[in-house]
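**Q** Listed in order, the protein sequences are those of chains A and B. At position 51 of the first sequence the residue is numbered 51 (this note's numbering), and the sequence of numbers has no breaks. At position 76 of the second sequence the residue is numbered 1076 (this note's numbering), and the sequence of numbers has no breaks.
Keep in mind the hints are simulated off the structure, nothing from the lab. In this text the structure is predicted, and so the values were computed from the model without any measurement. Wrong hints could be hidden among the right ones.
To be verified - The following residues of chain A were derived to be distant from chain B, with all beta-carbon distances above 10 angstroms:
1. 12
2. 20
3. 29
4. 68
5. 75
6. 81
Unchecked claim - Derived lysine-lysine pairs resembling BS3-like cross-links, with alpha carbons at most 27 angstroms apart:
7. B:1042 x A:14
8. A:83 x A:9
9. A:83 x B:1042
10. B:1042 x A:57
11. A:70 x A:57
12. A:57 x B:1071
13. A:71 x B:1071
14. A:70 x B:1042
15. B:1056 x B:1068
16. B:1071 x B:1056
Glycine is no exception: its CB is placed at the ideal position from the N, C-alpha and C atoms.
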Amino acid sequence: DGGITQSPKYLFRKEGQNVTLSCEQNLNHDAMYWYRQDPGQGLRLIYYSQIVNDFQKGDIAEGYSVSREKKESFPLTVTSAQKNPTAFYLCASSIVPGWNTEAFFGQGTRLTVV
Amino acid sequence: GENVGLHLPTLSVQEGDNSIINCAYSNSASDYFIWYKQESGKGPQFIIDIRSNMDKRQGQRVTVLLNKTVKHLSLQIAATQPGDSAVYFCAENFADNSGSARQLTFGSGTQLTVLP
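Using the sequences and the hints, build the whole thing.
**A** Here is the structure:
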């Protein structure tokens, strides 16, 4: 089945460590996005990518890094520079360009700093 | 029941009543809007979308209204059911400053609770 898969579902990190969240899609979508969601809050854009080997910073990119070496993969690294990384992270993908830019979401990764 | 947007992040309605969830979007250049439903611990799911050349679109039990003059979007759910309880987000889609990439930006969401 086509879809977007995030892994792991739960992730625990010690302070000072970098961690990488996986996001894979087999929908042949050009665009991929990473969002952060805090309890009771909306989604805030971290990074987005429209094509392979290109990505742009979103509203809260500090302390995060991404890569887009393959169309189907858009991993997010939460670095030690991110001072408050505990959150729910959502990856999405969409067809670009055009009107049909509905984004499909993964089921999320809940990151907890211990 | 009716929610007036970001100042009232929760909305409670009786089962069977109609729900109205409002959203004020920020970018006058936005040309595509989407409503998503998010259940606890899950990713958002698409409900309905609307393009900026329309002011109303209907789906199954849901209607989206767009008022570009005041940058306002609403989601109407008819005959609200217990399974409708979730957080609802509006999202706006627009070209970024470079003109070559598009962003999808979300509102803060409204928690809908359906009472038995």
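**Q** Each of the hints needs a verdict: does it hold here or not?
**A** Hint check:
1. 12: holds, 17 angstroms
2. 20: About 19 angstroms separates residue 20 of chain A from the closest Cβ of chain B, which puts it past 10 angstroms; holds.
3. 29: holds, 12 angstroms
4. 68: At about 12 angstroms from chain B, residue 68 of chain A clears the 10 angstroms cut-off, so the statement holds.
5. 75: holds, 17 angstroms
6. 81: Fine: 23 angstroms to the nearest Cβ keeps residue 81 of chain A off the interface.
7. B:1042 x A:14: holds, 24 angstroms
8. A:83 x A:9: holds, 21 angstroms
9. A:83 x B:1042: Between residue 83 of chain A and residue 1042 of chain B the Cα gap is close to 25 angstroms, so the pair holds against 27 angstroms.
10. B:1042 x A:57: holds, 24 angstroms
11. A:70 x A:57: With a Cα-Cα distance of about 18 angstroms, the restraint between residue 70 of chain A and residue 57 of chain A holds, given a limit of 27 angstroms.
12. A:57 x B:1071: holds, 25 angstroms
13. A:71 x B:1071: Given that 27 angstroms is the threshold and the Cα spacing comes to 34 angstroms, the pair is violated.
14. A:70 x B:1042: Since the Cα atoms of residue 70 of chain A and residue 1042 of chain B sit roughly 26 angstroms apart, the hinted pair holds (cutoff 27 angstroms).
15. B:1056 x B:1068: holds, 11 angstroms
16. B:1071 x B:1056: holds, 14 angstroms
Figure legend: structure checked against the earlier numbered hints; the only hint not met is number 13.
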